[in-house]
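Chains A and B, in that order, are what the protein sequence lines are. Quick note on the working numbering: the first sequence kicks off at 5 and runs consecutively. Quick note on the working numbering: the second sequence kicks off at 5 and runs consecutively.
Treat the hints with caution; some may be incorrect.
No copy is singled out in the list; a pair is fine if it fits within one copy or between any two copies.
Claimed, not checked - Below, simulated DSBU-like cross-link-like pairs (lysine-lysine); rule was C-alpha separation at most 35 Å, straight line:
| no. | residue 1 | residue 2 |
| --- | --- | --- |
| 1 | Lys-201 | Lys-89 |
| 2 | Lys-357 | Lys-189 |
| 3 | Lys-357 | Lys-201 |
| 4 | Lys-259 | Lys-25 |
| 5 | Lys-92 | Lys-40 |
| 6 | Lys-315 | Lys-122 |
| 7 | Lys-399 | Lys-60 |
| 8 | Lys-259 | Lys-357 |
| 9 | Lys-218 | Lys-399 |
| 10 | Lys-357 | Lys-52 |
Please keep in mind that the hints were generated in silico from the structure rather than gathered at the bench.
There are 2 protein chains.
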Amino acid sequence: MINTNYSNLKANYLFSTVAEKVRAYSEAHPDADVIKLGIGDVTKPLAKSVIEALHKAVDENAVAETFMGYGPEQGYGFLREALAKYYKTLGADVDADEIFVSDGAKSDIANILDIFDKNCHVVIPDPVYPVYLDTNIMDGRQVSFLNANEGNIFLPMPEDLMSDAQPDIIYLCSPNNPTGACYNKEQLKVWVDYANKLGAVILFDSAYEIFADKDGLPRTIFAIDGARTCAIEIASLSKTAGFTGTRCSYTVVPKELVRDGQSLKDMWFRRQSTKFNGTPYIVQRAAEAVFTEQGYAEILENIKLYQTNAKIITDTLDELGIYYTGGHYSPYIWLKCPNNMSSWEFFDFFLEKAQVVGTPGEGFGENGKGFFRLTAFNTPDRTQEAMNRLKEILK
Amino acid sequence: MINTNYSNLKANYLFSTVAEKVRAYSEAHPDADVIKLGIGDVTKPLAKSVIEALHKAVDENAVAETFMGYGPEQGYGFLREALAKYYKTLGADVDADEIFVSDGAKSDIANILDIFDKNCHVVIPDPVYPVYLDTNIMDGRQVSFLNANEGNIFLPMPEDLMSDAQPDIIYLCSPNNPTGACYNKEQLKVWVDYANKLGAVILFDSAYEIFADKDGLPRTIFAIDGARTCAIEIASLSKTAGFTGTRCSYTVVPKELVRDGQSLKDMWFRRQSTKFNGTPYIVQRAAEAVFTEQGYAEILENIKLYQTNAKIITDTLDELGIYYTGGHYSPYIWLKCPNNMSSWEFFDFFLEKAQVVGTPGEGFGENGKGFFRLTAFNTPDRTQEAMNRLKEILK
Numbered sequence: 005m006i007n008t009n010y011s012n013l014k015a016n017y018l019f020s021t022v023a024e025k026v027r028a029y030s031e032a033h034p035d036a037d038v039i040k041l042g043i044g045d046v047t048k049p050l051a052k053s054v055i056e057a058l059h060k061a062v063d064e065n066a067v068a069e070t071f072m073g074y075g076p077e078q079g080y081g082f083l084r085e086a087l088a089k090y091y092k093t094l095g096a097d098v099d100a101d102e103i104f105v106s107d108g109a110k111s112d113i114a115n116i117l118d119i120f121d122k123n124c125h126v127v128i129p130d131p132v133y134p135v136y137l138d139t140n141i142m143d144g145r146q147v148s149f150l151n152a153n154e155g156n157i158f159l160p161m162p163e164d165l166m167s168d169a170q171p172d173i174i175y176l177c178s179p180n181n182p183t184g185a186c187y188n189k190e191q192l193k194v195w196v197d198y199a200n201k202l203g204a205v206i207l208f209d210s211a212y213e214i215f216a217d218k219d220g221l222p223r224t225i226f227a228i229d230g231a232r233t234c235a236i237e238i239a240s241l242s243k244t245a246g247f248t249g250t251r252c253s254y255t256v257v258p259k260e261l262v263r264d265g266q267s268l269k270d271m272w273f274r275r276q277s278t279k280f281n282g283t284p285y286i287v288q289r290a291a292e293a294v295f296t297e298q299g300y301a302e303i304l305e306n307i308k309l310y311q312t313n314a315k316i317i318t319d320t321l322d323e324l325g326i327y328y329t330g331g332h333y334s335p336y337i338w339l340k341c342p343n344n345m346s347s348w349e350f351f352d353f354f355l356e357k358a359q360v361v362g363t364p365g366e367g368f369g370e371n372g373k374g375f376f377r378l379t380a381f382n383t384p385d386r387t388q389e390a391m392n393r394l395k396e397i398l399k
Numbered sequence: 005m006i007n008t009n010y011s012n013l014k015a016n017y018l019f020s021t022v023a024e025k026v027r028a029y030s031e032a033h034p035d036a037d038v039i040k041l042g043i044g045d046v047t048k049p050l051a052k053s054v055i056e057a058l059h060k061a062v063d064e065n066a067v068a069e070t071f072m073g074y075g076p077e078q079g080y081g082f083l084r085e086a087l088a089k090y091y092k093t094l095g096a097d098v099d100a101d102e103i104f105v106s107d108g109a110k111s112d113i114a115n116i117l118d119i120f121d122k123n124c125h126v127v128i129p130d131p132v133y134p135v136y137l138d139t140n141i142m143d144g145r146q147v148s149f150l151n152a153n154e155g156n157i158f159l160p161m162p163e164d165l166m167s168d169a170q171p172d173i174i175y176l177c178s179p180n181n182p183t184g185a186c187y188n189k190e191q192l193k194v195w196v197d198y199a200n201k202l203g204a205v206i207l208f209d210s211a212y213e214i215f216a217d218k219d220g221l222p223r224t225i226f227a228i229d230g231a232r233t234c235a236i237e238i239a240s241l242s243k244t245a246g247f248t249g250t251r252c253s254y255t256v257v258p259k260e261l262v263r264d265g266q267s268l269k270d271m272w273f274r275r276q277s278t279k280f281n282g283t284p285y286i287v288q289r290a291a292e293a294v295f296t297e298q299g300y301a302e303i304l305e306n307i308k309l310y311q312t313n314a315k316i317i318t319d320t321l322d323e324l325g326i327y328y329t330g331g332h333y334s335p336y337i338w339l340k341c342p343n344n345m346s347s348w349e350f351f352d353f354f355l356e357k358a359q360v361v362g363t364p365g366e367g368f369g370e371n372g373k374g375f376f377r378l379t380a381f382n383t384p385d386r387t388q389e390a391m392n393r394l395k396e397i398l399k
């Protein structure tokens, strides 16, 4: 009667174990000044333009004349039009009716699987955001991995597939969580050509695209020729605009994406209109404000601050000669644990010797063993202090 | 590669056909004063307490000290505790940790199927809200129907099952959409005992419970002894508090609900924490305000107005001797088309002779043929005017 695939899920105790170790340490050392660089959440408040848009939308709902009831499941035209314009600034032509507004990238990444057969062969990078794997286990799909490692600078290419089975669905996340590695256009073009050749679909997670705003890096897969026949992109305002608690994301399914004679855009529309009733009106107005000139300038101020933190970390790792990826185009820095420590050994060492908390890499896959994730979401002062302590304990 | 079950979905053109007919009529008769009693959405604005809570929560997000990032996927404790208290007033003991806050009943009704096997046998009333059927077709489940009709006053009981196959999942919606019929405690007890005997799970949709606030009718299935071992309840603030565009619902999965040795509450928690990132903080604060003394008094004022409209309609139907269900405990009135007209014949007759728009019953299932749905979401004046016209054309 129940979905027995759920029993194949592994419990992921990573974050609860981290929290428990920090709690125990703080209890034993009540005066310790613990610095948290494990935070995977933004810390800056919502931008002024966003706050104003929220208040205005709330007021509209206070009177019958402007009260907003059920909206279009796909999202309001005003937001989809604003997003289509935004895509133009990223070098991609995307129609407003190819954009589906939703409550979160996690929801869309999970729910998009509804339109695919349970017998698809799925390829997932290792290490990566654990939701890709868990949602496919829940459906009972066959999963194999893409070998991301120092050799390919944690940017695996088709030759890094760990199975001979032909992929139907390929997950890519760039800039990546947890490694912070970011594909360039040439690399993404190889993936697009590969997917088109096989008829596979790329599920492209661009949640961190705003951090790649330099050096000509692609911030959407639709900046790559050929992507419209092979890719679905899932984007989010969580990190872009601090919407982790406000909830808004968007998914792009191009008209040209057809498999087994069916338009995946039409299937996703059917899925969403049957199983979803739209994102709150007030949140969609807040999202619209992000893409105004003023709103976007405001959110970039926050991003710059996180980038400053990332640079404090990467400068320190450079100075110490520690191998890492990320940081330059990402709020995540993925470092090789010094002195060949395991992820958990380094976690304990860093906490006990320097009172700094990070995240052991093995929570993100087999290839995360021996690696460690730091994040750029604390303040510059605290981040600098943490790095000073790192230098001290590695002397 | 794609989910081929989608090709078994029937396109439901009901509402688009209704809209098209109204458009064509209005174009041909530009001076016609058309009254819409087909509206399935609330029309009163958000309550004052809700608006205040929203503004306050927005302001919290404007400064770092009170900014809210990722919240618990299941919903904040403050709201789950408020809901647990609310359940007490409905005569049910529900723990806060059995309550899962979400973005909408439609989402939860659809997503709860994730935890069930694709081979479950599903039973769905006819007529009913089309989402129950469509979501199961998408999963390829075997569906049979419960025969709701005049004979059982549109409150089908286990003997009204139209298949001999043993049900695993049974959908009940009370007060019902579209019939407005509402089960009493004795009837729900029969269903609970039946489900417990078979080991079936009842998915109970209580989206309209606030309209059943009289005559000792059950407003939650958990007011029925034995429901904790067989039922999941999906409730919503859409109709209760006018949240159709603000989006908040809650689903209750009791600890005692175990199938195949697994806790369905634990499975739903796993589903939601893997595939959902929580309802917006500001919306959860708005929902909390609904369940304060002041907030609840305010929303009841709106409900009373809709109930006034419903009474205008049922009084008229009583006077005309037209058979109907609903209206007394529901914003929906489900009437038998006069003079043995079909649903669409009556639609055309009512529109052309009286300029009133309703919804043909056959959009809700085979048993909706010859029936018609009116809703109580217009204003009292307009509703009275529509009923005066109905009397006139049926003279």
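Now the hints, each set against the structure:
Proximity of Lys-201 and Lys-89 under a CA criterion of 35 Å is satisfied intra-copy only: 30 Å inside one chain copy versus 58 Å between copies. When the C-alpha separation of Lys-357 and Lys-189 is checked against a cutoff of 35 Å, the pair qualifies neither within a copy, at 42 Å, nor between copies, at 64 Å. Taking the shortest Cα distances, Lys-357 and Lys-201 never come within 35 Å of each other, neither inside one copy (52 Å) nor across copies (60 Å). In this homomeric assembly, Lys-259 and Lys-25 come within 35 Å of each other (Cα to Cα) only across copies, at 29 Å, whereas the closest approach inside a single copy is 49 Å.
Taking identical chains as interchangeable, the C-alpha atoms of Lys-92 and Lys-40 are never at most 35 Å apart, the minima being 37 Å within one chain and 41 Å between chains. Neither within a single protomer nor between protomers do Lys-315 and Lys-122 lie at most 35 Å apart by alpha-carbon distance, with minima of 43 Å and 50 Å respectively. Neither within a single protomer nor between protomers do Lys-399 and Lys-60 lie at most 35 Å apart by alpha-carbon distance, with minima of 55 Å and 49 Å respectively. When the C-alpha separation of Lys-259 and Lys-357 is checked against a cutoff of 35 Å, the pair qualifies neither within a copy, at 55 Å, nor between copies, at 43 Å.
When the C-alpha separation of Lys-218 and Lys-399 is checked against a cutoff of 35 Å, the pair qualifies only within one copy, where the shortest distance is 34 Å, while the shortest distance between copies is 75 Å. Taking identical chains as interchangeable, the C-alpha atoms of Lys-357 and Lys-52 are never at most 35 Å apart, the minima being 40 Å within one chain and 53 Å between chains.
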